[in-house]
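Peer 1: In numbering that gives the first Met the number 0, the protein residues as written are 0 to 156.
Treat the hints with caution; some may be incorrect.
[Claimed, not checked] Below, computed lysine-lysine pairings styled on DSS-like, alpha-carbon distance capped at 25 Å:
#	residue 1	residue 2
1	16	130
2	92	54
3	60	92
4	130	92
5	54	16
Source of the hints: derived by calculation from the structure; they are not laboratory data. Just so it is clear, the structure is predicted and the values come from calculations on it, not from any experiment.
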Amino acid sequence: MSNMLHLDDNECEIIEKAVGVLTCGGVIAAPTDTLYGIGCLLSFSESIDRIYAIKKRDFSKPLAICISDFDHNKLFKNCHMPLEKIRELLPGKFTLIFERSDTLNRSLNPGVGEIGVRFTECEIIQEIIRKCGEPLVLTSANLSGGPNPNCVEVIEI
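Working from the sequences, and respecting the hints, build out all of it.
Peer 2: What follows is the structure, given as structure tokens:
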């Protein structure tokens, strides 16, 4: 069963409810700076599996993580891009690919040596990540290979 909160509602209340859902192992749907996305906390392996089920996505197709600041860089390593270039691109609408760190949840993209990293410009997503204290696993809210939803009402989680 899904609960829907609209962004014209109290933003602090929306953030707190999203944090509550995520910290209990739930999955949320939310706007990002590009499309609607669905996400869960990186530490919840069962929630990562649920995202794959929601999207009807093959486990061979990796998911990205979304960070709120550069303090999460321990999740990836051997970055060959200068930090000042990364700071030019992020936050923004890019997903950068890095070598994954051994500290990354092994349930996320097993057998894949890289990790996609987003740092969205969406303030609400950034605040949710900050309050949760860890990155989100975040992907577009469409069914795998299907069209991207243009409104939150059509997203089923």
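Peer 1: Could you run down the list of hints and mark each one as holding or not?
Peer 2: Verification of the hints:
no.	hint	verdict
1	16 <-> 130	11 Å, holds
2	92 <-> 54	21 Å, holds
3	60 <-> 92	20 Å, holds
4	130 <-> 92	22 Å, holds
5	54 <-> 16	23 Å, holds
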